[in-house]
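Enquirer: Now for the letters of each chain:
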Amino acid sequence: MKSLRALHVGLRLAATVLIGLLAMTASGVQAGDGLRIATAYKLMTLDPHYANLNENTSLLSQIYERLVFQDEELQLQPGLAVGWEAVSTTSWMFKLRADVRFHDGSPFTAEDVVYTVERIRDQLKSPSGGYRSYVSAIKSVSVVDPLAVVFKTDGSVPNLPLALSSVFIMKKPVQGFATTEALNGGMAPNGTGPYRFEGWASGEYLQLAANTDYWAGAPAWPDVTIRVIESPAARVAAITTGEVDVADALPARDVAALKKRGVKIASVGAARINFLQFEMESHTLPGVTDKAGAAIANPFRKLAVRQALALATDRGILVDKILAGYGTAAAQVFPNGLPGTSDKLLPIAPDVTTAKKLLAEAGYPDGFRVLLAGPAGRYPGDSESLQAITQNWARIGITVEPQAVPFSVFNTKRAAGEYGLWYGGASGEAVDIILDALLASPDKARGTGALNFGHYRNATFNAMLSKAESIEAGPVRDAALADATEFVMADLPIIPLYHFHHVTGYGPRIGAYLMHPRGWTTAMQAEPAQE
Amino acid sequence: MYWATIASGRLAQAALLLLAMSLIAFIGIHSIGNPVFNVVNIETATAEDIRQATTALGLDQPVWKQYFLFLSNIVRGEFGTSYIYHQPAVDLVLGKLPATLELAVFAMLVAAPVGVGLGLLAGRNEGSAFDRVVLRFCVLVASVPSFWLSMMLILGLAVLAGWLPSGGRGDSMLAFGQEWSVLTGDGLRHIILPALALALPNIALICRLARAGTIEVQGQEFTRFCRAKGLSARRILMRHTLPNISIPIVTIIALQFGGMLAFAVVVETIFAWPGVGKLLIDSIQLLDRPVVMATLTFVAVAFVTLNALVDLLYAILDPRVRLS
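Protein chains in written order, with this note's numbering: chain A, 368 to 898; chain B, 46 to 369.
The hints are simulated quantities; they were obtained by calculation from the structure and are not laboratory data.
Hints should not be assumed to be uniformly reliable.
[What the hints assert, rightly or not] With a cut-off of at most 20 Å between alpha-carbon atoms, the simulated DMTMM-like pairs for lysine to aspartate or glutamate come out as follows:
#, chain 1, residue 1, chain 2, residue 2
1, A, K409, B, D105
2, A, K723, A, E548
3, A, K506, B, D216
4, A, K409, B, E88
5, A, K811, B, E88
6, A, K811, B, D356
7, A, K711, A, D845
8, A, K780, B, D105
9, A, K492, B, E93
10, A, K780, B, E93
11, A, K506, A, D521
12, A, K811, B, D327
[Said to hold, decoys possible] Examples of chain B residues toward chain A, derived with CB under 10 Å:
#, residue
13, T126
14, N289
15, S291
[What the hints assert, rightly or not] Some residues of chain B that are not near chain A, with every Cβ distance over 10 Å (derived):
#, residue
16, L62
17, N83
18, I87
19, Q97
20, F182
21, G212
22, Q265
23, L331
Yeah, the Cβ is synthetic: ideal placement off N, Cα and C, and Gly gets one too.
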C-alpha cells in the first residue's frame with residue numbers, strides 16, 4: 368500500500384509538471400455533436416437500487432428519474448410527481464406527472480411506483496441494502512388512480528418526500544421483477560430520464576442518446592459519452608487536450624494552470640463536512656499518552672481540551688493552502704446558507720493564547736501526545752490536513768503523530784475502536800441526516816449514530832433533534848435543526864474543519880455548467896455554447 | 046511416457062503453487078481490512094445495514110470457514126460474485142482480458158525485435174559510436190520511472206504535437222465475443238502511446254541482454270571459426286550468434302510479458318486503459334476479494350503457462366536441453 372501512495376504522489380507530481388508545461392502551448396479541439404464527459408465516478412452497476420453510492424447514482428440519474436429531486440439549493444422540486452401532501456400523520460398522497468413515457472414507449476403510472484418500492488423493500492437482496500433505509504418506514508403503498516399513490520407509514524414520517532428523492536423509479540415488468548444480474552447483463556435499463564441507455568462497460572464507459580420524447584422537452588445533447596477516468600492526472604490531461612468537454616473532481620492545485628489553458632472552471636461547496644472526531648466514552652484511549660509516554664486518562668472528555676484543540680486549529684491554512692481556495696472553513700455540518708444551517712455559527716478563529724490557557728486549566732499545561740488517524744486519498748486534502756493539524760497543535764504543546772492509511776484499513780480500525788482521534792467525512796441529503804448519523808447517540812431502533820464512532824451522548828441534543836425531525840419540511844423545521852446544531856456544536860463533539868468544493872472543468876463547447884452541492888456529474892448540467 | 050511424467054509433474058507443481066498463492070492472498074486481504082465498509086456507503090449506512098451486508102457476504106464466518114468455502118467453490122469452477130460490481134468475478138477478469146492482451150502483445154511485438162536487433166548490432170560494434178548511443182538510451186529508459194515516461198509521452202505526442210489521443214481505448218470491434226481495439230483505426234491510434242510506454246523499458250532490458258550476450262559469443266572460438274570459414278557478418282549474427290544468446294532473452298521476454306499481463310498498473314492507470322492490472326489494484330483497494338482471487342489465479346496460470354512455453358522453447362533452441 369505504501370508503494371501505491373508513492374505512486375499517487377508521483378502521479379500528482381507528474382501532473383503538476385505536465386500542467387506547467389501545458390500552460391505554454393496552444394490547444395487544438397476537435398468538434399463533434401455529442402457531449403464527452405470524463406468522470407471519476409465509476410459506474411459499477413446498472414441496477415439503480417443496488418448500492419446507494421454517488422458512483423452509481425450520479426450517472427444513472429440521466430436514465431432514471433425520481434418522484435422528487437433536490438435542486439442546487441437542496442430544495443425539493445417536482446420530478447415524476449407533480450405534487451405531494453400529507454393527508455394524515457401517517458399517510459402521504461403523491462400526484463404523478465401525466466404523459467410520461469419510459470424509454471421503451473410504455474406509459475409511467477402509479478403501478479410503477481408501487482413496483483419500485485416493493486422491489487427495494489421486499490425483492491432485492493442487495494448486500495449493501497443501501498436503498499432499503501429510504502423505504503423502510505413505508506408500511507404500504509397503494510394505487511389511488513393511475514396518476515396518484517398513497518404511502519402509509521409507520522408513525523409520522525415528515526421527511527418522506529426527501530427519502531423518495533433518492534429512489535429511482537423503474538418500469539414494472541409484465542411479471543416478476545428485474546434482477547440485478549439481468550440489469551447488468553444485457554437487459555437495457557428502462558427509465559424515464561432525458562437520456563436513453565446505449566451501452567456501457569462497468570468501470571469504463573457509459574454511452575447515452577437523447578430521449579427525444581422526454582416530458583420536459585428533448586435534452587440538449589444528441590448523444591453523450593461518459594468515460595470513467597479515475598486518475599485525476601489523466602482527467603486533467605483529457606480536458607486539457609480537448610478530448611473531453613467536461614471533467615469532474617479536478618484537483619484544486621491544477622486549477623490555475625487549467626485556467627491559463629482556457630479551460631473554464633465551475634465549483635460549489637460540497638454538501639458534506641470533513642472534521643476531527645474524538646472517542647468520548649472510554650476513560651483510556653489507544654494512542655494517547657503524556658509527553659513521557661505514560662498512559663493518561665482520556666483528555667477529550669473535558670470540554671476545555673476540545674475547545675483548546677478547536678482554537679489551535681487554523682482552518683485558514685487548510686482552505687487557502689491545502690485546498691488552494693477550493694474549500695470553505697466549516698462551523699457546522701453543511702456550508703452556511705443551505706437549509707437547516709445556522710447563520711450564527713461561524714468558523715472558530717485560531718487563538719493560540721486562549722487555547723494554551725484552556726489546556727492548562729484542564730490540567731495539561733505541558734500538553735500530551737496523541738495519534739491522529741485519517742484516510743489517505745479519500746477526500747481532497749485529507750492526509751495534508753493531518754500534517755497541518757500536527758503543526759497547528761504543536762504550538763500549544765500537543766505532540767501529534769499523524770497516521771494516514773488507506774480508506775478500507777481506516778474504516779476497519781475505526782470500527783474496531785483502535786483510534787482515539789481521527790479525521791473523518793460525512794455527507795447526506797440534508798442536515799438532519801448527518802446530525803442523526805454523526806452526533807445523535809447510537810441507537811439501533813432509531814437507526815441513529817452510525818458515524819458516531821466517538822460514542823458521543825447528549826440527551827438534550829437527541830431530544831432537540833427528534834423534535835426538529837418531527838416537524839414537516841419547511842422553515843420551522845430548518846430553524847429547529849439550526850437551533851439543535853448551535854446547541855451541539857457548543858459542546859464540540861467534533862471539530863469541524865472544512866467543506867471542500869466540487870471542482871469541474873469544461874471546454875469551449877460548453878456555455879455553462881451548473882454545479883450541484885451533492886457532487887453529481889450529468890449531461891443535464893452542461894449547457895451547450897451558443898454558436 | 047517421458048513427456049507425460051514431465052507434464053504431470055508440472056501440473057502438480059502448478060496446483061500447489063495456486064493453492065499457496067490463494068492462501069496467502071486470502072489471508073492478506075483479510076488482514077488489510079473488512080470489505081463490508083466498501084460495500085455499504087460508510088457515510089450513510091446504519092449499523093443494521095452493515096450487519097446485514099456482513100451476513101449477506103458471508104463475512105460473519107470465521108476466516109478458515111470462508112477459505113474452505115472459497116476452495117469448494119473453486120472446485121465447482123466458481124470464483125463468486127464481485128462485492129462491488131455484483132457481476133461474476135471471472136466475467137470481470139475475462140472482460141478486461143482483451144484490453145490487456147492486445148496491449149501486451151502489441152508492446153512485446155515492438156519491444157522484442159527492436160530490443161534484440163539493437164542489442165545484436167551494438168554488441169557486434171562494441172565501443173562504436175552507435176554502441177555508445179544505444180547503451181546510453183538503454184540506461185536512460187531503464188532508469189526512468191514508468192509514470193514519468195507515460196506522462197512525457199502524453200505531453201509530447203498527445204498534448205504538444207496533438208498526433209495521438211491521451212488516453213482511453215477508442216473505438217473497438219466485436220470479435221470472438223469480446224471488444225478489441227486493435228481491429229479499428231481509432232483503436233490503433235489509442236494503443237500506440239500506452240504500448241510505447243510499456244515497450245520502451247523492455248526494449249532497454251532486452252537490448253542490454255542481447256548486447257552482453259553478443260559480446261560474449263563474439264569472443265568465442267566458434268565465431269572466430271565462422272569468420273575464418275568466410276561466412277558473411279550477417280549470416281554469423283543471425284544463424285550463429287542469435288541462437289546462442291537466445292535462452293536468457295526468451296526467458297526475460299516471457300517473464301516481462303507475464304508482468305505486462307498482470308502488473309501494467311501504472312501505464313493502464315495513466316492512459317485510462319481498462320486492463321487486468323488496473324482491475325487488480327482497484328479490487329485490492331476496494332478489498333473485493335472474489336475479483337482479487339480470480340485475477341491472481343489468472344495471473345498465476347498465465348505465469349505457469351508462460352514458463353512451460355519457455356521450457357519448450359529451450360528444448361527447441363538448445364539441443365543440449367533435449368538430450369538431457
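Enquirer: Within a Cα-Cα threshold of 20 Å, do K780 of chain A and D105 of chain B meet the stated pairing?
Expert: With Cα atoms ~17 Å apart, K780 of chain A and D105 of chain B stay inside 20 Å; holds.
Enquirer: Does the structure keep K780 of chain A and E93 of chain B at a Cα separation of 20 Å or less?
Expert: It holds: about 19 Å lies between the C-alpha atoms, which stays within 20 Å.
Enquirer: Within a Cα-Cα threshold of 20 Å, do K811 of chain A and D327 of chain B meet the stated pairing?
Expert: With a Cα-Cα distance of about 33 Å, the restraint between K811 of chain A and D327 of chain B is violated, given a limit of 20 Å.
Enquirer: Should the label of N83 of chain B as a non-interface residue stand, given a Cβ cut-off of 10 Å to chain A?
Expert: violated, 6 Å
Enquirer: Taking 20 Å as the top limit, are the C-alpha atoms of K506 of chain A and D521 of chain A close enough?
Expert: holds, 6 Å
Enquirer: Would you check the hint for K811 of chain A and D356 of chain B, treating anything up to 20 Å between C-alpha atoms as holding?
Expert: violated, 62 Å
Enquirer: Starting from K811 of chain A, check that the Cα of E88 of chain B is at most 20 Å away, please.
Expert: This hinted pair holds, its Cα atoms lying about 16 Å apart.
Enquirer: K409 of chain A and E88 of chain B: Cα distance at most 20 Å?
Expert: holds, 18 Å
Enquirer: Does the claim that G212 of chain B lies outside the interface with chain A hold up, using a Cβ gap greater than 10 Å?
Expert: violated, 5 Å
Enquirer: Given a cut of 10 Å on the nearest C-beta pair, is the interface hint for N289 of chain B held or broken against chain A?
Expert: Violated, about 38 Å.
Enquirer: With 10 Å as the threshold, tell me whether F182 of chain B passes as away from chain A on beta-carbon distances.
Expert: At about 21 Å from chain A, F182 of chain B clears the 10 Å cut-off, so the statement holds.
Enquirer: Are the Cα atoms of K409 of chain A and D105 of chain B separated by 20 Å or less?
Expert: violated, 28 Å
Going through the hint list in order, the structure does not satisfy hints 1, 2, 3, 6, 12, 14, 15, 17, 18, 19, 21, 23.
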